[in-house]
Amino acid sequence: GAGVSQSPRYKVAKRGQDVALRCDPISGHVSLFWYQQALGQGPEFLTYFQNEAQLDKSGLPSDRFFAERPEGSVSTLKIQRTQQEDSAVYLCASSSSTPKETQYFGPGTRLLVL
Amino acid sequence: GDSVTQMEGPVTLSEEAFLTINCTYTATGYPSLFWYVQYPGEGLQLLLKATKADDKGSNKGFEATYRKETTSFHLEKGSVQVSDSAVYFCALRTNRDDKIIFGKGTRLHILP
Chain A
1 GAGVSQSPRY KVAKRGQDVA LRCDPISGHV SLFWYQQALG QGPEFLTYFQ NEAQLDKSGL
61 PSDRFFAERP EGSVSTLKIQ RTQQEDSAVY LCASSSSTPK ETQYFGPGTR LLVL
Chain B
1 GDSVTQMEGP VTLSEEAFLT INCTYTATGY PSLFWYVQYP GEGLQLLLKA TKADDKGSNK
61 GFEATYRKET TSFHLEKGSV QVSDSAVYFC ALRTNRDDKI IFGKGTRLHI LP
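As given, the protein sequences belong to chains A and B, one line each in that order.
For what it's worth, this note's numbering labels the leading residue of the first sequence as 1, then goes sequentially.
For what it's worth, this note's numbering labels the leading residue of the second sequence as 1, then goes sequentially.
Just so you know, the hints here were simulated from the structure itself, not pulled from any lab data.
These numbers come from a predicted model, not from an experiment.
There is no bait here: all hints are sound.
Calculated cross-link-like contacts (lysine-lysine; reagent style PhoX-like; alpha-carbon spacing at most 25 Å):
| id | chain 1 | residue 1 | chain 2 | residue 2 |
| --- | --- | --- | --- | --- |
| 1 | A | Lys11 | B | Lys104 |
| 2 | B | Lys104 | A | Lys57 |
| 3 | B | Lys49 | B | Lys68 |
| 4 | A | Lys78 | A | Lys14 |
| 5 | B | Lys77 | B | Lys52 |
| 6 | A | Lys11 | A | Lys78 |
From the structure, some residues in chain B lie toward chain A, with a derived Cβ separation under 10 Å:
| id | residue |
| --- | --- |
| 7 | Gln6 |
| 8 | Phe34 |
| 9 | Tyr36 |
| 10 | Gly41 |
| 11 | Lys49 |
| 12 | Cys90 |
| 13 | Ala91 |
| 14 | Arg93 |
| 15 | Asp97 |
| 16 | Lys99 |
| 17 | Ile100 |
| 18 | Ile101 |
| 19 | Phe102 |
| 20 | Gly105 |
Virtual Cβ for every residue (Gly too), placed ideally from N, Cα, C.
All chains should be modelled from the sequences, with the hints used to inform the complete structure.
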C-alpha cells in the first residue's frame, strides 16, 4: 500500500519567502509528526498531531513555523519569512493509533534557502 | 535532558566483516529504543526496536540488546553486505511523551 508521501521533494526559496510543505500520511493513521533534519544530523522533533489536534509543538524553533492538519489527514508545515538556517530536510511520519505505535517516515522535503 | 549518543562515522568495512555501531542513551524512566536506517535516496525505515530491559531486537541479520545497566543499545551484524551501506540512527522514545529523539547517525560503507 501507499506509504507516507511528501511534496514537494525539493524546494528552493529566497530568504524572506514563505513556503508550505505538504504531508500525506498513510490512510487511516491517527498520529502525525514533523521532524527537521539538518545536514549531517539526526532528525529533530518539531510537532505532533493526533487527528486534527496539535498536541505538542514544543520543537517548533520560532513563531515563523506553523503546522496544521485541519481535517485530521493531510498536514501542512508552513515557514514564514524563511532564513538560511531553515535549510534542512523536513520529514513527516505517521503512526496508526497511538504515537507509541511504529512511526513510518516519508521521503522528506529538502528545503534550500538562498 | 534525554539524548542519544552514537559512534561517529563514516565506518568502512569489507563485505562479510563483523559490524558494531555503538549507541548509548540518557533518559529518565524506561524508554523504548530503536535503530532506524536510511538507504541512499530513501526515507527513514525502522530496522529494529526493543521496549524493555534485556529485550533483543532483530531484523535482516541485525541485532541490538537493550542494556539498562550500561544504558546502551549497540547494533551488531555478523556478516555485512554491500547492500547494508546506509546511514544508521539510534533513537529513543520516553514514556513521558511521544516524540522520537535521534542520534546524529553513523554512515556505513561496505566495500565489495
